Amino acid sequence: MKKVLELKNVSKKYQAKNGEIEALTNISFDVNEGEFVSIIGPSGCGKSTLLSIIAGLEPKTEGEITITGGLGYMLQKDSLLEWRSIYDNVMFGLEIRRKKTKESEEYVIELLKKYGLYEFKDKYPNQLSGGMRQRAALIRTLAINPKILLLDEAFSALDYQTRIMVTNDIFHILKEENITALIVTHDISEAISMSDRIIVLTKRPATIKNIHKIEFEMENRDPLNCRESPKFSKYFDTIWKELDIHV
Amino acid sequence: MYEKNISDDRKKYLRKIRKNKIAIILTRLSILIIFIIGWEILANKGIIDDFITSKPSRILNTFLNLSSNGLLMHLGVTLTETLIGFVSGVVLGVFIAILLWWSKFLAKVSEPFLVVLNSLPKVALGPVIIIWVGAGMGAIITMGLAISLIVTILEILNGFLNTDKELIKMAQTFNASRFQILTKIVIPANISTFFNSLKVNIGLSLVGVITGEFLVSKAGLRIFNCIWWSGIPIRSCYDRGYYSSHCSSCNI
Ligand SMILES: Nc1ncnc2c1ncn2[C@@H]1O[C@H](COP(=O)(O)OP(=O)(O)O)[C@@H](O)[C@H]1O
Ligand SMILES: [Mg+2]
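Quick note, the sequences are listed as chains U and A, same order. Here the first sequence stands for residues 1 to 247, where the numbers follow the working numbering. Here the second sequence stands for residues 248 to 499, where the numbers follow the working numbering.
In short, the hints are calculated from the structure, not lab data. This structure is a prediction, so every number in the text was calculated from the model and none was measured. Backbone N, C-alpha and C define an ideal beta-carbon position, used for all residues, glycine too. Be a bit skeptical, because a hint or two may be false.
Said to hold, decoys possible - 30 Å max Cα-Cα, derived DSSO-like pairs, lysine-lysine: (1) 209(U) to 241(U); (2) 431(A) to 114(U); (3) 431(A) to 123(U); (4) 209(U) to 113(U); (5) 13(U) to 209(U); (6) 100(U) to 114(U); (7) 203(U) to 412(A); (8) 431(A) to 77(U); (9) 355(A) to 8(U); (10) 113(U) to 431(A); (11) 431(A) to 102(U); (12) 351(A) to 431(A); (13) 17(U) to 213(U); (14) 213(U) to 147(U); (15) 412(A) to 13(U); (16) 416(A) to 203(U); (17) 416(A) to 113(U); (18) 351(A) to 13(U); (19) 13(U) to 268(A); (20) 203(U) to 3(U); (21) 17(U) to 351(A); (22) 17(U) to 416(A); (23) 292(A) to 263(A); (24) 147(U) to 209(U); (25) 213(U) to 2(U); (26) 121(U) to 355(A); (27) 113(U) to 99(U); (28) 17(U) to 355(A); (29) 113(U) to 147(U); (30) 416(A) to 147(U); (31) 302(A) to 77(U); (32) 114(U) to 209(U); (33) 431(A) to 100(U).
Said to hold, decoys possible - Listed next, the stretches of chain A that the computed footprint assigns to chain U, with coverage defined by at least 3 CB atoms under 8 Å from CB atoms of chain U: (34) 413-420; (35) 428-439.
Build the full structure now, drawing on both the sequences and the hints.
Here it is in structure tokens:
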């Protein structure tokens with residue numbers, strides 16, 4: 001299998017007025033093409049920092065990162081711009097990268113049609129439901145044609161039921177578009193339901209505690225149906241214990 | 248909104264809202280009318296001194312003779328001065344706010360100066376401004392500018408700095424440049440801040456201009472004193488030196 005993302009001994013220290021904050025220590029892992037990998041860990045351990053470093057928004061202190069193919073990045077909030085129509089919102093990334101061409105516009109229209117947003121293209125974000133907004137945000141990212149998608153708690157702003165449906169929805173879209181995903185979450189079930197592998201991080205400074213391979217031996221596995229498998233709760237228990245959460 | 252057969256309850260509700268709206272407007276109008284009529288009566292009966300308070304009928308008269316007493320011209324002068332002060336205040340204010348948003352260093356450096364300038368009573372600057380710019384329209388416009396500029400800068404900069412960080416981060420995930428973040432996120436996100444500051448500013452510019460006129464003017468609404476005080480035609484105000492004697496006595 002082809003590696004599309006490779007991290008070797010990545011470390012990060014933030015410099016702040018009141019001292020150094022060590023956020024990541026010696027993080028190494030690979031992600032293969034088409035794979036869904038989740039990163040899970042206690043809040044404040046450095047998960048967002050890790051994604052920001054991979055995306056190049058934040059400099060790393062040590063280590064090496066190799067990326068093959070374009071990156072897309074999805075944040076917790078959909079961050080749709082309320083003063084733009086849905087169409088102008090999904091074109092935003094292309095506009096920023098100055099890649100607004102006839103072909104790219106056609107591709108966006110195709111995505112809008114495929115994922116049921118075409119008839120909403122002239123509406124404004126506040127006229128859409130939470131799930132629809134998240135889809136629009138996803139299309140905005142897909143428009144720049146990424147090979148690898150980084151998702152930082154991308155669903156945690158949604159209420160529980162919507163979240164399960166949106167997770168399922170986006171899972172299918174990403175599989176359909178052949179995208180590799182690196183998903184940050186603090187929700188164990190979400191991680192199990194979506195991923196091929198789960199990387200468990202320790203408290204800050206984050207190191208890798210364990211990497212779990214998730215397999216369900218079922219056809220057409222998706223985030224909804226795998227929740228019914230007896231293996232699901234086994235994975236849940238194992239990871240729960242590893243996260244070692246105290247109140 | 249578009250339903251044709253609305254329920255009786257809904258009709259009642261809508262009627263109530265309309266009635267309430269009309270009542271508010273009527274009450275406002277009556278207060279105004281009672282005030283004006285009361286003023287006129289009290290002045291006519293000599294209960295209040297109409298040399299100090301003037302009276303509605305006299306003010307109305309002056310307005311009716313607009314062309315002969317040149318009020319229109321004075322109104323025009325004040326309006327022009329205000330507009331020039333206002334527009335230059337807004338343009339300059341927005342420009343400086345953008346500069347300060349762009350450079351955190353500049354913002355930090357200028358912070359104490361802005362605070363001091365903002366709390367300074369600008370009207371007190373009047374005489375100094377006259378010395379710098381000369382006693383003329385320039386001084387009046389500068390006065391209007393001085394009053395509105397700092398407030399504009401502070402208000403717009405505050406809006407800029409409070410732009411939703413998530414939106415900026417989203418733009419950064421597409422590797423947006425600082426200029427793109429400014430033009431595509433920060434400015435459009437602050438359109439309402441901008442209009443709010445326009446509203447406040449037009450008032451402030453007017454205050455500045457009228458203050459300026461008190462100090463230096465040969466034309467403009469400062470003349471409203473004449474209408475107010477005695478209804479003496481404005482030209483004769485000048486002729487009799489009434490104008491200047493009042494100017495020195497009013498001491499603003
Ligand atoms: N820009 C920054 N400067 C200093 N410290 C930071 C910065 N960003 C994050 N941190 C610190 O790094 C740690 C990890 O943060 P983050 O990656 O956001 O955690 P997570 O996403 O896992 O909740 C936290 O303790 C946070 O306070
Ligand atoms: Mg985070």
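message: Can you confirm whether the C-alpha distance between residue 203(U) and residue 3(U) stays at or below 30 Å?
response: 27 Å, holds
query: Given the proposed pairing of residue 351(A) with residue 13(U), does the C-alpha separation stay at or below 30 Å?
result: 23 Å, holds
- prompt: Does residue 416(A) pair with residue 113(U) here, judged by a C-alpha cut-off of 30 Å?
  reply: The given pair, whose Cα atoms are some 28 Å apart, holds under the 30 Å limit.
field: Agreement of residue 114(U) and residue 209(U) with the hint, judged by alpha carbon distance not exceeding 30 Å
entry: Violated. Residue 114(U) to residue 209(U) sits at ~40 Å, over the 30 Å cutoff.
- prompt: Does residue 431(A) pair with residue 100(U) here, judged by a C-alpha cut-off of 30 Å?
  reply: 15 Å, holds
query: Keeping to a limit of 30 Å between CA atoms, is the pair of residue 113(U) and residue 147(U) held or broken?
result: Distance ~21 Å between residue 113(U) and residue 147(U) Cα, so the pair holds.
message: For residue 355(A) and residue 8(U), compute the direct alpha-carbon distance and say whether it is at most 30 Å.
response: Distance ~40 Å between residue 355(A) and residue 8(U) Cα, so the pair is violated.
query: Can the restraint linking residue 13(U) and residue 268(A) be considered satisfied, given a maximum Cα separation of 30 Å?
result: 62 Å, violated
- request: Assess, step by step, whether the Cα of residue 431(A) is no farther than 30 Å from the Cα of residue 114(U), and give holds or violated.
  value: Roughly 28 Å between the alpha carbons, so the hint for residue 431(A) and residue 114(U) holds.
- request: Given the hint that residue 431(A) pairs with residue 123(U), test it: the Cα-Cα distance must not exceed 30 Å.
  value: This hinted pair holds, its Cα atoms lying about 19 Å apart.
Proposed proximity, residue 203(U) with residue 416(A) (alpha carbon, max 30 Å): 25 Å, holds
message: With the threshold set at 30 Å, check whether the alpha-carbon distance from residue 213(U) to residue 2(U) stays at or below it.
response: 17 Å, holds
Checked against the numbered hints listed earlier, the structure breaks hints 4, 9, 13, 19, 23, 26, 31 and 32; every other hint is satisfied.
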